[in-house]
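Note that the protein sequences, when read in sequence, are chains A and B.
My numbering puts the first residue of the first sequence at 1, with every later residue one more than the last.
My numbering puts the first residue of the second sequence at 1001, with every later residue one more than the last.
Hints are computed from structural coordinates only; laboratory data are not their basis.
Certain hints may be false.
Claimed, not checked - Under the rule of at most 27 Å between Cα atoms (straight-line distance), these lysine-lysine pairs were calculated in the DSS-like manner:
#1 B:K1331 to B:K1300
#2 B:K1533 to A:K154
#3 A:K38 to B:K1533
#4 B:K1345 to B:K1307
#5 B:K1537 to A:K75
#6 B:K1395 to B:K1331
#7 B:K1188 to A:K101
Claimed, not checked - Computed list of chain A residues with no C-beta within reach of chain B, every gap over 12 Å:
#8 Q27
#9 Q36
#10 E39
#11 T45
#12 G58
#13 I62
#14 G77
#15 M102
#16 E108
#17 T112
#18 S117
#19 L142
#20 E143
The C-beta atom is built at its ideal place from N, Cα and C for all residues, glycine as well.
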Amino acid sequence: MSEIKQHKKDATAQAHNMQIVVFKLGQEEYGLHIDQIKEVVITPTITRMPQTPAFVKGVANIRGNVIAILDLEEKFGLVRNHEASSNGNHFTLVIESEDYKMGILVREVPNTLSISSANVEDSVFTGDSQSEQSYITGIVKLEKRLIIMIDIFKVINEKEAQQLFKKQEVQDSVA
Amino acid sequence: MSNEKDNEYREIFLAEALENYTEMNRLLTVLEKNVNDSKAVQALFRITHTLKGNATGMGFDKIAEMAHVLEDFFGEVREGRLELGSEIFTSVFKAADVLGELIEAIKTPKDVKYRGIKTKLEVFIRNAKQAPAAGQATQQPTAQEAGIQTGTSNSAAVELPEEEDHDESEVETTNVSFSDLVQVPVKKLDNLLNLVGELIIERDRIIANGASTHSSNEYSRLNRISSDLQYSVMDVRLVQVGFLFNKFHRIVRDASSKEGKKVSLKLEGTETEIDRNILQVISDSLIHLIRNSVGHGIEKPEVRKQKGKVEEGTVTLSASSESDTVIIKIKDDGAGINPERIKQKAIEKGLITAQDASQMSDRDLTMLIFEPGFSTMDSVTAISGRGVGMDVVKKALDSIGGTVQVDTMLGEGSIFTLSLPSSMAVKSTLLFDLDNQTYAIPLSYTESVISIYKSEIHKAANGLIAVHLGNTIHIVFLSDLFAQSIGKSKDKYASFDQLHPEQKLEIVVVSFNGKRIGFIVDKLLQQKEIVEKPLRKPFDSISYLSGVTILGNGNVCLALSIPGILNALVGNQVSRTINA
Chain A
1 MSEIKQHKKD ATAQAHNMQI VVFKLGQEEY GLHIDQIKEV VITPTITRMP QTPAFVKGVA
61 NIRGNVIAIL DLEEKFGLVR NHEASSNGNH FTLVIESEDY KMGILVREVP NTLSISSANV
121 EDSVFTGDSQ SEQSYITGIV KLEKRLIIMI DIFKVINEKE AQQLFKKQEV QDSVA
Chain B
1001 MSNEKDNEYR EIFLAEALEN YTEMNRLLTV LEKNVNDSKA VQALFRITHT LKGNATGMGF
1061 DKIAEMAHVL EDFFGEVREG RLELGSEIFT SVFKAADVLG ELIEAIKTPK DVKYRGIKTK
1121 LEVFIRNAKQ APAAGQATQQ PTAQEAGIQT GTSNSAAVEL PEEEDHDESE VETTNVSFSD
1181 LVQVPVKKLD NLLNLVGELI IERDRIIANG ASTHSSNEYS RLNRISSDLQ YSVMDVRLVQ
1241 VGFLFNKFHR IVRDASSKEG KKVSLKLEGT ETEIDRNILQ VISDSLIHLI RNSVGHGIEK
1301 PEVRKQKGKV EEGTVTLSAS SESDTVIIKI KDDGAGINPE RIKQKAIEKG LITAQDASQM
1361 SDRDLTMLIF EPGFSTMDSV TAISGRGVGM DVVKKALDSI GGTVQVDTML GEGSIFTLSL
1421 PSSMAVKSTL LFDLDNQTYA IPLSYTESVI SIYKSEIHKA ANGLIAVHLG NTIHIVFLSD
1481 LFAQSIGKSK DKYASFDQLH PEQKLEIVVV SFNGKRIGFI VDKLLQQKEI VEKPLRKPFD
1541 SISYLSGVTI LGNGNVCLAL SIPGILNALV GNQVSRTINA
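Kindly produce the complete structure, drawing on both the sequences and the hints.
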């Protein structure tokens, strides 16, 4: 906690430093602002849910809270090696906002990184016309590394949520 | 027990009465500053009216009498027949004080003299009533004075001295009184209940974890205390259905006068207790059902006479509790529901085909009134017959896990029976395993659990059916249903065909609104009371589930929403699965 405070003080002093949490999805490195992350836990048993899109792995009990568990590799369409199936996702990044509580599956323990905002390129054109772009908030370039900064709440924004979680009609399932 | 209840009601009455009294005093001071404040007069009239009603109900006749006089008094003021002068105000304030003392006297019994001031007010009222005959409001003061001296002299004269000695006792008793009740916003109670729910889940988890290392006695105290806590919190949330039922007198009156019918409302079992939130959810439905009984059920007086019934129809609203459900019945002695007319209407509206209709029982036909867009009334009336409503009733009930049933006898009347959970917190469920996951299915929808061989299940036109004890049951592989819902579509009969012919299958038969379906599950586990947590974002639109809970082993268990699943399965084809 004091660390974060420290960081905030630094940020106001220089207005250019921030701390991010970096995790790997596929072969890429993704980053989240540290404020969005509550904790990292070992992935608990996941209960699959009906009527959800494929990247929603289900729900899990994390400290008494029932939390949605998402697989962003699947969401972003990042090709995954066959040997690393779901049992390779040992850790869950727990993310919390007022509206949502959710967990993101990651394979390795995420690192924290202090970066200067000078290294962040704000506007990114990914080639995807609309929605995909909106949750990418910037690209961090560090020597050979390239970290994609995302706004996790925009990944599951209202539009997405409405579209994806819309009740899927059962086609002839009785039949 | 009844004594305890009486005490509880007395306390509630006291709290409300004191509140009324305080509000009355406040309004009177407002009114004194501005005698033309019609809002204040209106509010005073309402308050005294409420107080009168409550006191009558509780059998506090003195308070009722006093409140009645005050109500009449403010009624006259409201009509503009009584002008408020300073002299009158003195009396009214005194009357309010006496009322306060009478209320206080419930707690600490003592003799309060109230007749004097009551008579004085009555004199004002009588004069005011006589005044309009003379015509003008401006003439009232003189009329009043005259009245005191002449028309009502005997009663006033007798009682006035008594009022005098009351004057002295009044001075010593104007102290502040506190109510023994605390008002709490429902939101706080909801929060408390959620916390208790989590505590129970946590307790179960700890007990399950510790079962291997400690003896079960270790946790018996924890068990007991947390259970007591849970039931106490649930108990706090219970209210009497009478609170809601009593409001229906007015609704019945209004509805019947609009329709030109004579209807009386009878209430039974008003002391039955139910969770406040459930009462809130169903209140609109009850209003609708009652209006419906008046609008569709009860016939016009002349028709009733022809049929040899008493002119005045009766709608009976009764409540009773059975273990953890509350049964509310709305009964009318009207015309009853004609299944033939429903059949015609449903075919007309395209809800069912003529062919389907011929196979449906009368009871199934009757249930059609709960389908969206159904209305049998040929003409639209002011209070019913708009074709909306009955389906809303059903939806409201679905949302809380309640059911509705209709019994009707042509010419004799109809009974709508609502079964409601008495509390939203705890659900009795049956746990089962499916694909290595545990699910909970509410017992309220579970009809039976059967075990049959694959060979007894047959592929029928569009699905699977089985016959058990003479009933034809639609069979659904729950795992297929779930697989389809996440986009993994399987061949229709894949799961079925894979099975070994000798395989014995466990089937949970559920029913909802007359639709009966058997779900094939992997393994049945035990019955369990679960504390259900609602689905939060982003899962709040999943219709197959009503909530989740955490099991003793720490895993999340999904609670199925039978109405949600059955509605999705049946879709708009009402008839297909009814009694399939």
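Hints versus structure:
A hinted pair counts as satisfied when its Cα atoms are at most 27 Å apart, and K1331 of chain B with K1300 of chain B qualifies at roughly 17 Å. A C-alpha spacing of about 26 Å is found between K1533 of chain B and K154 of chain A, which places the hinted pair at or below 27 Å, so the restraint holds. The suggested pairing of K38 of chain A with K1533 of chain B holds, with an alpha-carbon distance near 22 Å, which does not exceed 27 Å. Distance check on the hinted pair: K1345 of chain B and K1307 of chain B sit about 25 Å apart at the alpha-carbon level, within 27 Å; holds.
Distance restraint check for K1537 of chain B and K75 of chain A: the Cα-Cα separation of roughly 18 Å lies within the 27 Å cut-off, and the hinted pair is therefore satisfied. Taking the CA atoms of K1395 of chain B and K1331 of chain B, the gap is near 21 Å; set against the 27 Å cutoff, the hint holds. For the hint pairing K1188 of chain B with K101 of chain A, the CA-to-CA distance comes to about 22 Å; that is within 27 Å, so the pair holds. Distance check on Q27 of chain A: its Cβ is at least 26 Å (rounded) from any Cβ of chain B, clearing the 12 Å threshold; non-interface status holds.
Non-interface call for Q36 of chain A relative to chain B: holds, since the shortest CB-CB distance, roughly 16 Å, exceeds 12 Å. No beta-carbon of chain B is positioned within 12 Å of the beta-carbon of E39 of chain A; the least distance is around 17 Å. At roughly 5 Å, the least C-beta separation between T45 of chain A and chain B is not larger than 12 Å, which violates its mark as non-interface. Under the 12 Å C-beta cut-off, the non-interface status given to G58 of chain A relative to chain B is violated; the minimum distance is some 8 Å.
For I62 of chain A, the condition that its CB be more than 12 Å from all CB atoms of chain B is violated, with the nearest at approximately 10 Å. No beta-carbon of chain B comes within 12 Å of the beta-carbon of G77 of chain A; the shortest separation is about 15 Å. At the 12 Å boundary, the C-beta of M102 of chain A falls inside the reach of chain B, the nearest C-beta of that chain being 8 Å off. With a least beta-carbon separation of about 24 Å from chain B, E108 of chain A lies farther than 12 Å from that chain, consistent with its non-interface assignment.
Distance to chain B confirms T112 of chain A as a non-interface residue, since its nearest Cβ pair spans about 27 Å, more than 12 Å. Under the 12 Å C-beta cut-off, the non-interface status given to S117 of chain A relative to chain B holds; the minimum distance is some 31 Å. The non-interface label for L142 of chain A is consistent with chain B: the shortest C-beta to C-beta separation is roughly 33 Å, beyond 12 Å. For E143 of chain A, the shortest C-beta to C-beta distance to chain B comes to about 37 Å, beyond the 12 Å cut-off, and the non-interface label holds.
Checked against the numbered hints above, the structure breaks hints 11, 12, 13 and 15 and satisfies the rest.
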